[in-house]
Amino acid sequence: MTVNPFTARSSALAASVALPRTFPIGSFVATNPLHGLEHRSFEDAARILAATTGASAYLPEHDYERLHSIGRITDSDLGAARSRQRSTPDLVPVVRTLTERHDDDHGTDLADRVDAVVAKWCAVYLDRGQASWDLPHRELGLFGAWRSLAPGDPGLARLVGRRARRRVAALPTNAAQALSDVVRRRGIEEMYVADYFRAAYRRLPGWASALARSGDSDDLVAYLALRLALEDLVLDPEERWSDTDATDGSPGDAIDGDVIERLALWQEALELGYRNQLLQTLTSQPRSTRPASEPQVQAVFCIDVRSEGFRRHLEDVGSYATIGFAGFFGLPIRVAQLEGEPVASCPVIVEPRATVREVPDVDAPSAARAHDHHDAVGSAWATRHEEKSAPIAPFAFAEAAGWVMGPLAALRTFAPRAAARLAESARRAAEPPILTVMQIDRPGSDHRGDATPGGAGGMTEAEQVMMAHGALVTMSLTKEFAPIVLLCGHRSTTANNPFAASLDCGACAGKAGGPNARVLAEMLNRPRVRDGLTDAGIRIPDTTWFVAGEHDTTTDEVRILDRHRMPSTHHDRLDRLERDLAVAGRRCAAERQSLLPGVDTQAAAEDAVRRAGDWAEPVAEWGLARNAAVVVGPRQLTAGCDLERRVFLHSYDPAADPDGAILGTILTGPLVVGHWISSQYYFSTVDPQRFGSGTKPLHNVVGGIGVYEGVGGDLRMGLPLESVAFDGERVHEPLRLLAVVQAPRERLEQLIAANSAVAQLLRNGWIRLVVGSPEEGWAERLRDGNWERCIGGTLDDAPLERSMTMEER
Amino acid sequence: MTGQQRLTPMTRIDVVVAGEDAGSIEELFTAADATGFTSVSNVSGLGHGGHHDGRVLFNDMDALTMLFTVVPDHRADDLIDALSVLLEERPGVMFVSQTAVGRPGYFGVVEE
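Which chain is which? The protein sequence lines are A and B, in order. Using the working numbering, the letters of the first sequence map in sequence onto residues 25 to 833. Using the working numbering, the letters of the second sequence map in sequence onto residues 19 to 130.
Please keep in mind that the hints were generated in silico from the structure rather than gathered at the bench. Hints may be right or wrong, so weigh each one.
[Unchecked claim] Partner residues aside, some chain B positions facing chain A, computed with beta carbon under 7 Å: (1) Asp51; (2) Asn77; (3) Asp96.
[As the list claims (entries may be wrong)] Now the stretches of chain B that chain A is said to cover, found in silico as 3 or more residues with beta-carbon under 8 Å: (4) 22–34; (5) 41–47; (6) 104–110.
Keep in mind it's a predicted model, so treat the numbers as computed, not measured. Glycine residues also receive a C-beta, built at the ideal position from the N, C-alpha and C atoms.
Isolated chain A (complex conformation):
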């Protein structure tokens, strides 16, 4: 195989699989930054990481020693961890780029200077409307636009020297051709081409990831062509790459291999300590078999760790049965909010199959009038924002509106709580609530069409029945329906926070979960959908009404949605529910606020409102910080346990799932999403410089897609420092996700054997799995597939028979 434009493209694609998967900041989605290494063991990934970037997959060793000194890591946990140690490094070649080699030999900074030029052009190319002027020649792609405009860039002359213009003009217009030309001219051996490209991505992983996001290899090829062309231009023509620039991938000077083994041991012990603590809590909690009376309301919340606290307090307030389910409510949909564009509102691992639109409810009184008014208010607000980014208009705007905007800015600065209340009152006065409905039917359909997956429109009746059935079955709610079933999504409210989406619902791709709750409620209240469900074995009583809600995780307030569509027969119950939700919210806020910095503990609920509206507040809420585990089982397993808002809770009735189909859905869907969230917090904590986005006060939003820390350089990835730590104190405890499942071990074995993706995560130590019940005890599935008895119960120690994988055979 010789390197040509086509094979250069395939190498560009192959090398990109190790890039962190990132998303535009406006729809921040938590992912595992090392997703591309999940086919290797966690320890091998740590070694590769250290060798290629110098980054660490573990906390600094002195931090573990401190945790040991305060008893968080015990000698017993260390002993147990030591018995599990394994070390069979499987390394990959690591190469130096041409400019890195030159810098090493001559003490120069050519690689950094090339980085600066490439980063600048990536920023202008990927800009999505933040800049007032669009990039000329964008249609030519990154390389083509650069090639056309670079001769006018003074930075190029500074980097390349005289004759820069002529040499750039002589480059091929085709990026893949330019790339393969440099590869051949500089002697990069065929077997190292993908490794070289990987090293080139590693120089600016944030920008490279953003380019990879498009899914179009043209952008990746253009990045590499630009980078290698610049290297080619700045280096002496005689400098050629050689295989001495490739190493065997041992951690070398960056981090000693023995250190990684010790760190792995500490981390294992830290996680075993939490595992034992959680299982002790679940096992020692007195269990009530059923509520004293039938619940008046069943309330379904997202599995998000923040729901755990709210559910616990709501159950304390009254006769409520709560359920945990993925916050997209099982709906693979795009949602177009009123007059907005459709955006995916489901986990990023799920492909949306239908589009739902929010439209004015024509059956509601005065809907049209309210809608017109909304247009005027919305236009005025949009004008204000547009004025801020225009070159001249802000001066005129300040003249005209400064008398009111100035005092408002002062109020937001010195009295943010009052400002937030005032803004809310003004908004309500100027903009009466619009009564809308989610349009779920496919336009033009008689609602009885085939269940063909639809992309552009809504859903046929058959699709609605299918999705409603899937949701109810997966959340284990198929009988004994209460008069009201609350479907509660969640959102956050923060001001001046580019990372606001990181606090919204991860299961809804970083969006608010209310729209999904509205869609499912709308479906489940339809008589024809209920008929279809009855045919499928789920009978919903006529007296049951599904109502949507939205939990604001910053203030712990719950808003009921689509109240106007509820029959009057249920209004009294709903009024009582709203009162109890408010009580539970205040209690939850008080409990939660105690962990926030600078909190007014005497008025926790008020302080939460202040944080939501304060544009100078760096920590409006802690989001999913401290997340540690997912528990899959009936609510009786966790009811009454204070799990400290650290646990994702997914309801599951093992008795209703004899063939394991429901559990299989949970393991391959919500568990994977939980693992990504857990990993994002993990890596943003252990190496915030490499995997986090830096500190908020230094952030500058660039291109509307991400942030710089400062004024240039790489596009930062991961969570801001203020999501995992504050004032030098770490708040998030980095633990790989622990899954605790109440189900028969045989069922788990069958599911793991049938799902290689889950098996890979377990085999390679990216997540850990504990199975059992309080009565029978718990067992952890080790990486080699054997089971180890954990704390509690009387579980038989004998290892379970398991099927070998093809690899083991």
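Following the hints, complete the assembly by docking chain B onto the known chain A.
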């Protein structure tokens, strides 16, 4: 001329990868000037990494996808090389076989 003799020899390339990599495969097919391809998502089977269950309700990324294309023999080598590079990095398998088609024009061969 028998039925078989009326057909034009071609190369068929089948690839089975995780759903998240299907886009890259499609792109390589297209970049190799393949005039078409077929993609089947949520396929089940047994392979090097164990069983793969096609019934994955809430995860299109890990569900396996099978893609296949047919290209003239002279275009196959570059495509096979390119796919091999990608499959060195990602889980998946490739099968290459000889096939024959009745309408070569549909597959990028100019009929005389």
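Here is how each hint holds up against the structure:
Violation of the interface hint for B:Asp51 is found here, the shortest Cβ-Cβ separation to chain A being roughly 10 Å, above the 7 Å cut-off. At a threshold of 7 Å, the smallest CB-CB gap from B:Asn77 to chain A is about 5 Å, leaving the interface hint in force. At its closest, the beta carbon of B:Asp96 sits 5 Å from a beta carbon of chain A; the interface hint therefore holds under the 7 Å criterion. Only when three residues or more bring their CB closer than 8 Å to a CB of chain A does the claim for the stretch 22–34 of chain B stand; here the count is 0, and the claim is violated.
Beta-carbon proximity to chain A at under 8 Å applies to 4 residues in the stretch 41–47 of chain B; the threshold of 3 is reached and the given coverage holds. Only residues whose C-beta sits within less than 8 Å of a C-beta in chain A count toward coverage, and the stretch 104–110 of chain B has 5 of them, enough to reach three; the restraint holds.
Going down the numbered hints, you'll see the structure goes against 1 and 4, while the others check out.
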